[in-house]
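Q: Residue numbers (full-length UniProt numbering): 1 to 173.
A hint or two may mislead.
Claimed, not checked - The list that follows gives simulated cross-link-like pairs (lysine-lysine, BS3-like), each with its CA atoms no further than 25 Å apart:
hint, residue 1, residue 2
1, LYS43, LYS131
2, LYS160, LYS116
3, LYS105, LYS131
4, LYS116, LYS105
5, LYS118, LYS64
6, LYS118, LYS163
7, LYS64, LYS171
8, LYS171, LYS37
9, LYS171, LYS160
10, LYS64, LYS116
Stated by the list, open to error - Restraint ranges, calculated between C-beta atoms of paired labels, are given here:
hint, residue 1, residue 2, range
11, ASN140, PRO41, 43 to 51 Å
12, GLU9, ASN140, 38 to 46 Å
13, GLU173, THR85, 21 to 29 Å
14, SER90, ARG40, 21 to 29 Å
15, SER8, ARG114, 45 to 53 Å
16, LYS105, SER6, 36 to 44 Å
17, TYR61, LYS160, 18 to 26 Å
18, SER12, SER98, 34 to 42 Å
19, PRO41, SER110, 42 to 50 Å
20, GLU58, ILE153, 17 to 25 Å
21, LYS54, LEU78, 23 to 31 Å
22, ASP168, ASN145, 26 to 34 Å
23, ARG114, PRO41, 40 to 48 Å
24, GLU58, ASN14, 19 to 27 Å
By construction, these hints were calculated from the structure, which means they are not laboratory data.
Small disclaimer: the values here were computed from a predicted structure and weren't measured.
Positions of the beta carbon are idealized from the N, C-alpha and C atoms, including for glycine.
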Amino acid sequence: MEGLISISEVNSMNDERFEWVFRNVIELCSEAAAHVKHMRPFKDVTDLCAAFYKYLNEVSYEEKLKVLMSHPDLAGRLAAQGELTQESASEQQSAGLSDLSNAQKAIIDSSNKRYKEKFGFPFIICARENKVQSIIDGLNLRYGNTRDEEINIGINEVKKICKLRILDIVKNE
Numbered sequence: 001m002e003g004l005i006s007i008s009e010v011n012s013m014n015d016e017r018f019e020w021v022f023r024n025v026i027e028l029c030s031e032a033a034a035h036v037k038h039m040r041p042f043k044d045v046t047d048l049c050a051a052f053y054k055y056l057n058e059v060s061y062e063e064k065l066k067v068l069m070s071h072p073d074l075a076g077r078l079a080a081q082g083e084l085t086q087e088s089a090s091e092q093q094s095a096g097l098s099d100l101s102n103a104q105k106a107i108i109d110s111s112n113k114r115y116k117e118k119f120g121f122p123f124i125i126c127a128r129e130n131k132v133q134s135i136i137d138g139l140n141l142r143y144g145n146t147r148d149e150e151i152n153i154g155i156n157e158v159k160k161i162c163k164l165r166i167l168d169i170v171k172n173e
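Between the sequences and the hints, there should be enough to build the whole structure, so can you do that?
A: So this is what it looks like as structure tokens:
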């Protein structure tokens, strides 16, 4: 779905409105919007996305971990309890994670647990670019990586998620 507001509207927003509109383009990380608001004006939506990527690239190692840990488990407890953010719920549904068979749910649950125990943060993948089987395959494949590799991959997946969320808000003109 293409966004509803223009880049000129983004540039003319007051700071409070900007922070509210972009508060969750990075899951539960309103600090990103608070930081990026100072980078205005943006030429276009690509420039806006690049500002959020710059934020992710420049935050400390600890802040990167905080960003990763803010993401919910795929098809996890929060999803089962209806406690995901609106964005995460929609993304997980688009990947088919709300319609898992019992066998798929068991595989994802055990793989999520194993992954989180090894790396200390949830498995991050851009659900809107994947379906159930590719998510299961990704969990298994990426389990063999080092923690630093997974932090880098996870942040790159967050960037993909961020871009799609921005495109849900801002017209790609």
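Q: Hints numbered earlier in the text: which of these fail when held up against the supplied structure?
A: 1, 6 and 7
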